[in-house]
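Protein chains in written order, with the numbering used here: chain R, 1 to 808; chain B, 1 to 164.
Hint data in this document are derived by calculation from the structure and do not stem from the laboratory. Careful: at least some of the hints might be erroneous.
Heads up, incomplete: computed chain B residues facing chain R, CB under 10 angstroms, no partners named [said to hold, decoys possible]:
1) R31
2) T37
3) H47
4) K115
5) E119
6) T122
Which bits of chain B does chain R cover? Going by a derived footprint, with three or more residues having C-beta under 8 angstroms, they are [as the list claims (entries may be wrong)]:
7) 8 to 22
8) 52 to 66
9) 69 to 75
10) 81 to 87
Quick caveat: nothing in here was measured; it's all calculated off a predicted structure. For each residue, glycine too, the CB sits at the ideal point set by N, CA and C.
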Amino acid sequence: MKDEISREERVENLKGMGCSRKRVEDARFTQGKGNYVDDVKLDGMLFGDFVRSPYAHANIKSIDTEAALKVPGVVAVLTAADLEPLGLHWMPTLAGDKQMVLADGKVLYQGQEVAYVVAEDRYAAADGIEAVEVEYEELQVIVDPFESLKSDVILRPDTVDENGKAVDGAHGPRDHPNHIFTWEAGDKDPTEEVIANADVVAEEEMYYHRTHPCPLETCGCVASMDKVNGKLTLWGTFQAPHAIRTIVSLISGIEEHNIRVISPDIGGGFGNKVGAYPGYVCSVVASIVTGKPVKWIEDRMDNLMTTAFARDYWMKGKISATPEGKITGLHCHVTADHGGFDACADPTKFPAGFMNICTGSYDIPTAYLAVDGVYTNKAPGGVSYRCSFRVTEAVYFIERMIEVLAIKLNMDSAELRRINFIKKEQFPYKAALGWEYDSGDYHTAWDKALKAVDYDGLRAEQAQRVEDFKAGKTRKLMGVGLSFFTEIVGAGPVKNCDILGMGMFDSCEIRIHPTGSAIARLGTISQGQGHATTFAQILATEIGLSADSITIEEGDTDTAPYGLGTYGSRSTPVAGAAAAMVGRKIRAKAQMIAAYLLEVHDDDVEFDVDRFVVKGAPERFKTMKEIAFASYNQAIPGLEPGLEAVSYYDPPNMTYPFGAYVCVMDIDVDTGVTEIRRFYALDDCGTRINPMVIEGQIHGGLTEALAVALGQEIAYDDMGNCKTATLMDFFLPTAWEVPNYETDYTVTPSPHHPIGAKGVGESPHVGGVPCFSNAVQDAFRAFGNTHTNMPHDHWRIWKTANELGLHD
Amino acid sequence: MSNKKHVKLNVNGKDEEFLAEPRELLIYTLRERLDITGPHIGCETSHCGACTVTIDGKSVKSCTMYTVQAEGKDVTTIEGIGGPDDLHPLQTAFKEHHGLQCGYCTPGMITRATKLLEENPTPTEEEIRFGMAGNICRCTGYQNIVKSIQAAATEMNAAKEAAE
């Protein structure tokens, strides 16, 4: 048979990996036809909302719901007393702690859920909330984690014995009632010895402030219990629908096959939608109690005050080096403020996630890390906002320590990085804190980045600017922010990554239809990452059917195979690998079918773009479409009909994308106003599936990084009042504050990943925060600044300038 | 006696008439009463713009406007801007230039951008950034949103010129 089109056209028609395929998701979103949780509407649906505590720490003396139940439209009011007989007044957290669903005797933070009002609509629920009378007895509030560790006030009576002594928790010994865990990695004594005897040691303390992922869509759910068939359906803003189903089953006792969890379209997640919240439990209970579907949607204030915050790490570092700048040791201690409950979304074996990548991209022979988790009267959570389990904090820490060390050595920090990078030939590289980096070529990326921005030219310009400033010719300083990061993503190998005991693999199932189109389902769920587009591209390349012919479905536990969901940049490294592997299963069967149809041995055909071809006879082939048709409609000896497969992929290791960023910033010394003149971002995420999607995620991650570095903070006063609970106070950048970014790349495939892809969505955030922060701090280096804490809003920058005497 | 008010308004070319409490917000009326779910709720303080609609030719954030204030007015939501058979150039451009990711802000973005381009058919990048500063996106970093609006403006101006 003669080929009708060229090979190039066949490749183009495939729309496989490497092309900037336009997103198939967009049609519904641009026409207002997305289907988010708040769009779900069911007959007779009720609406639930919370009475929340105005105090950060108080005993609850009484809750009177009588008046609320008389409010028109109010159907029910739930309190802890109602949940207790069901065993649902406390729930397990993802971090091995337990958390009140509704305040049980006392409240631990402002905004904590005290009672759940169920009503016919949102207005009636709001009226009901007003009518619930709660009598509080205020208690001493602790907002400072260091004070908490010294205080006699016991925040969590449930975690101490009758003598007030801390009972050991899920992560080992606790040495104070308000202490949650100590987690260590690396070698303590050798590290301390190296640092004690080093020629040069730089020390710094830094606070990585509390912030919030703040997706534009808040968290919410709709619970619908069908008492006739015993089936519970739960729609929700879930980044991990299967994990939520298992959790709901474990805590409710409803068998898992009777629970259907659906994540419809999700309006951004960024880690905020990984955990389980009281709203989910209360909605399920309310639906069981009332026999009607119950919807719960947070408002923005609820979201900022009570659902998973991020960061809040007090970090102390020591870094030692030779006089030439070769790093010899790194010591890091973190005091982590977890709020009222330890509700981080971390793998259970790592109570502070992957903070142990704090040696960064550098060949540091000896290192030690310890993290102490602490209870305070703040909202619980501690999610890895747009990063993989605390990598953001780790990278910020090391990229600041490098700058501080460069100042101590009086060296250029770009050069200091260069001489300490792990070398290409050292990969796979076993880091001092235990992880094995899969691949990297840091020197190439760094050189490319520095050349692209004319680094030497920038430094010369900066030096001139300092001269001009001193001469009174300008009031603007110039900062050159550098950062080089390595991410640790793709959680993870089941052997060392789990959440609540659930191993972190992922999955893909595919059914090829007789006419050569297909549906594939995965255990992940997109929150804007474009899975429907990119997963189809992976499959297209693997199975030889056009991406346009492959529908991707996720987020429905009744149809999708079990998987651990989308967070920690794990979709491409884990579910993407599952897609590639399932494609290979299909191809193996297709090869046998093709050989049979072509009347040759299996080994005599080879795959070429969209077909199997007889080796040495290119005119003899069967396209994948023909093979699909034959698989259903022709009896093939020794083979079952059909072309379907499923793959559960447990990655052998994490993947380690990396990148080199440079920010050029002007700072007005008199106003503290920053202007980003240039931002260059080079990312290496291994094999690139869809460059357009990658670039878009980099723009977005950098913008979220800009927000965190330059203004965004969840702040409390001494009474534990959250001062930043609306978008009037919590900074989200608009188009006006954000620069254009220059993106670039190198490609260093992961050696253990089926297609060499590493994941990218979080990289720009992880690398971006230290880059923006370093730019601000670098601007003041010439005037004696070593470190100032984020967020670098105009006031703090002005204050730094003032403290350095630049206003005199 | 009910304190409900009689409200009559026109949404996407269709007359609607109902009784509403004075405290009912327009976004609630659209989403819950009229099943128009394109406009979304993001912040309820007029900051994010996910609920942006057009009222009598002006961009309005429907999460902080009472429905009774819209009495007698024409309301246009994303559903009234273009459908599958007659996409607005902005809807095409947002897809073409990757101006969205999770899509939650997109209806408000496009609704606002239609007005921006009506008010200023040839905006500079600075004017686009300023004109869109009432709409927050958490995913895209805005660069491709700006690009999408620029592309739609070019497209619309070319079409206008061809028609003249």
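Checklist entry - Do three or more residues from the segment 81 to 87 of chain B put their C-beta atoms closer than 8 angstroms to C-beta atoms of chain R? => result holds (count 4)
Next on the checklist: Tell me whether the statement that chain R covers the segment 8 to 22 of chain B is true, taking a Cβ distance below 8 angstroms and needing three residues at minimum.
Outcome noted: The restraint on the segment 8 to 22 of chain B is violated, since only 1 of its residues have a Cβ under 8 angstroms from chain R and three are required.
Checklist entry - Does K115 of chain B meet its interface restraint, that is, does its C-beta lie within less than 10 angstroms of any C-beta in chain R? => result 15 angstroms, violated
Checklist entry - If you look at each residue in the segment 52 to 66 of chain B, do at least three have a Cβ nearer than 8 angstroms to any Cβ of chain R? => result Not satisfied, violated; 0 residues make the cut.
Checklist entry - For the hint on T122 of chain B, does the least C-beta distance to chain R fall short of 10 angstroms? => result At 18 angstroms from the nearest chain R Cβ, T122 of chain B fails the 10 angstroms test, so the hint is violated.
Checklist entry - If you take the shortest Cβ to Cβ gap from T37 of chain B to chain R, is it below 10 angstroms? => result For T37 of chain B, the interface hint holds, since the closest Cβ of chain R sits about 4 angstroms away, which is under 10 angstroms.
Next on the checklist: Checking hints one by one. Is H47 of chain B an interface residue toward chain R, by the C-beta closer than 10 angstroms rule?
Outcome noted: Since the shortest Cβ distance to chain R is 4 angstroms, the answer is holds.
Item to check | Residue hint E119 of chain B, partner chain R, criterion CB-CB below 10 angstroms | outcome: With a closest approach of 16 angstroms, the E119 of chain B hint is violated.
Checklist entry - Close enough to count: is the Cβ of R31 of chain B nearer than 10 angstroms to one in chain R? => result Interface hint status for R31 of chain B: holds (7 angstroms vs cutoff 10 angstroms).
Checklist entry - Holds or violated: the segment 69 to 75 of chain B covered by chain R, criterion of 3 or more residues with Cβ-Cβ distance under 8 angstroms? => result violated (count 0)
Violated hints, in rising order: 4, 5, 6, 7, 8, 9; the structure is consistent with all others.
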